[in-house]
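Peer 1: Take the two lone chains and join them into the complex the hints point to.
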Amino acid sequence: MSQKRPAIRAIASHLPEIAVTNDQLAGEWGSEWPAAKILAKTGIAVRYQAADGECASDLAVKAALKLIENGACTAGEIDFLLLCTQTPDYILPPTACLLQDRLGLKTSCGALDINLGCSGFLYGLAMAKSLVASSTCRNVLLITADTYTKLVNRRDRSVRTLFGDGAAATLISAVDVDCEPIGPFVFGTDGKGARHLMVPAGGMRTPITPEAVVEKDVEGGNRRSASNLFMNGAEIFNFTLRAVPEAVREILAKSGMTMQDVDYFVFHQASKFMLDHLRAKLGIPENKFCLDLENGGNTVSTTIPLALERAKASGRVKVGDRVMLVGFGVGLSWAATIITIT
Amino acid sequence: MTTSEFLAELATVLQKDPMEVTESYSLKEGVLDSMAVLEVIALIDRGYGVTLPADKLSGCRSVGEILSLIKMGKGS
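As they're listed, the protein sequences go chains G and S. Going by my numbering, the first residue of the first sequence is number 1, and it counts up by one from there. Going by my numbering, the first residue of the second sequence is number 1001, and it counts up by one from there.
Be careful, since some hints might not be right.
[What the hints assert, rightly or not] Simulated restraints, written as ranges between beta carbons of each label pair:
hint, chain 1, residue 1, chain 2, residue 2, range
1, G, T258, S, D1055, 33 to 39 Å
2, G, V319, S, K1071, 48 to 54 Å
3, S, D1017, G, M204, 25 to 31 Å
4, G, E219, S, D1017, 41 to 47 Å
5, S, E1020, G, K318, 22 to 28 Å
6, S, M1072, G, V319, 30 to 36 Å
7, S, G1049, G, A40, 23 to 29 Å
8, G, Q260, S, G1049, 20 to 26 Å
The hints are simulated quantities; they were obtained by calculation from the structure and are not laboratory data. Glycine included, C-beta positions come from ideal geometry on N, C-alpha and C.
With the rest of the complex left out, here is chain S (with noise of 0.2 Å):
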């Protein structure tokens, strides 16, 4: 899955307009609830394959930060 991908899905999750959806978009408090991380779990899994902790998930202040666990969880 590319990146743009990726943030065009996650748009769909957080049910946000995919063009404000970015690397630099804040996850600020409530925005990923618990029925969204379980779903951006979902879809890194799905495209990915890494599975990530909910803890360190639900821990990202920005989207960024998401795709750095994901390429952290990719090289382990």
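The following block holds chain G by itself, in its conformation from the complex (with noise of 0.2 Å):
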């Protein structure tokens, strides 16, 4: 029966202008890291990196921006922002009431930060489901932003080789459907491997200090300080081989789906290689899998909702068609839905 639930409504997104390519990284490190290697381990040809003094809000405003001229809504209509990042502009106060004043939002907006990463988007996009279908607020904006390039150092091949900065914001309201548009969800969290993807320093637990910013020579010719970001690839790896097939399994259960019955999979764009194998190892179609990180690279929580944009732009997806999100990463933190195109 035809009723109003809650839908992904639209979505737009903003990269910032500064590319930087395999050449350059190539070019950067000598011979052992050519461009060509670079692109077909980690399927990126270009990541892009906000400018000094660009910040994640300046990213999300663009991005919310868009979305606004594209006629999804009014800023006046929007009565909760949700911003996921863990590139916030200060410490506090938390950077979503920064953008309820320069989004021009009223004033009766709710606006909250949810510090995660990869799997952000889910989690907030089951926050925002909850709050429309609860008829606590009719149009909620989820923005994810970050801007990781700052926290990595330029001479750690592991990760300025994957992450990129992005920001998009996705409208999430009521619409008049038969079914539900955005279907049950799946949530995992595993803190003991926190260690493997983390910041070690810039939080209460170890400040800043002149040691946090040293320079040191780590693992594979490496460099990085405290202060930079660490990912220990292999166990990152190892946690998603064990997190996303369950993950998988457990969304279709809830769902009362099959793998055949998915019309097209948008797993966090982490890495080609990851991907790949996460593919395989589910017997999931090369032409119902995403696989879009050639222009952009890893952007954390952005990269389901700016994949979910280009499927639906470029005609992958279409309306009616039902899609698994998977986001996994930092924390350690994982979350699966299956939502329905609308």
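Peer 2: Below you can see the structure in the form of structure tokens.
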């Protein structure tokens, strides 16, 4: 029966202007890491980097204004703003509060930051769905925005090849439909693995001191300081091998679906190597599996909405398609859902 | 996956001559770099359905030790 249910009404994204190509990285790092090898392993041709002084909030504003200019809604109609970021402008206040002002949202609008990475879009979507389904809000603006490149050491190849900056704005509001456009969710958290993907210094546990910014030679000929992003790629890969197939099984069971019922799969765009392996392990046909890293790389919580926006624009997904979304990463944290394109 | 199939694929990952990569092949420092560890984890997951911890894999001094880890992983 047709009734009002929460749905993704619109998505708009913004990537910063500074492009970092594989040729540029290969030029900096020498013959051991040729541009072709970087492309083959990561699937990334170019990642974008926020300029000095350009923050996640600046990318967020551009994405949100694009969404509003596209006619999805007016600023005054938004009654809740969720910002998922791990690179806030300040320790406090919340960046979401600054965005309320910069976007001209009404002062009766709720706003809060969510500190999550690659699983963050799914967590934000679950919260937005609940806010709309409970009639607490009519229009929730979920923004994902990060500038991880500010945390990455230029000489740490393990992360610099992968991460790019970016933002996406997603509008969730009620639409008249027969089925639930945003399905059930499964969540997962394993704080034991937190140390495998972290920025050790800069919080209250280990404040920034002169020692915390001293760069050191580390494994694999890389360099970084305690205030830089650290990722143990092999352990993160192992985590995804455990968590993602299980999350896929759980969300199918919870949704009463089989793999064949799903028209398209959008996983967090971590790296081509990881996604190729997960796709093969799960037996997903190539034409149903999103691999959209080439232009932008791993933009953390923005990869899923960005990939959805592009898939819709290019016709890879169409109205009525059932799309499985799976996010996984820093935390360690993961989540999955199945949406129907409206 | 048979042991000989594993050795052949391992040789490809390590970019070595397949004739060279036997159970006694020594994994000297630097042979298993971070990317190779990732690829070997993927190979073992694909071939045996076993997920090996990266630190244990990095600690292997020979191909034979990797095969022992796989055997232990399959038994658990």
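Peer 1: Could you run down the list of hints and mark each one as holding or not?
Peer 2: Okay, the hints, checked on the actual structure:
| no. | hint | in the structure |
| --- | --- | --- |
| 1 | G/T258 / S/D1055: 33 to 39 Å | holds, 37 Å |
| 2 | G/V319 / S/K1071: 48 to 54 Å | holds, 51 Å |
| 3 | S/D1017 / G/M204: 25 to 31 Å | violated, 53 Å |
| 4 | G/E219 / S/D1017: 41 to 47 Å | violated, 27 Å |
| 5 | S/E1020 / G/K318: 22 to 28 Å | violated, 52 Å |
| 6 | S/M1072 / G/V319: 30 to 36 Å | violated, 51 Å |
| 7 | S/G1049 / G/A40: 23 to 29 Å | holds, 26 Å |
| 8 | G/Q260 / S/G1049: 20 to 26 Å | holds, 23 Å |
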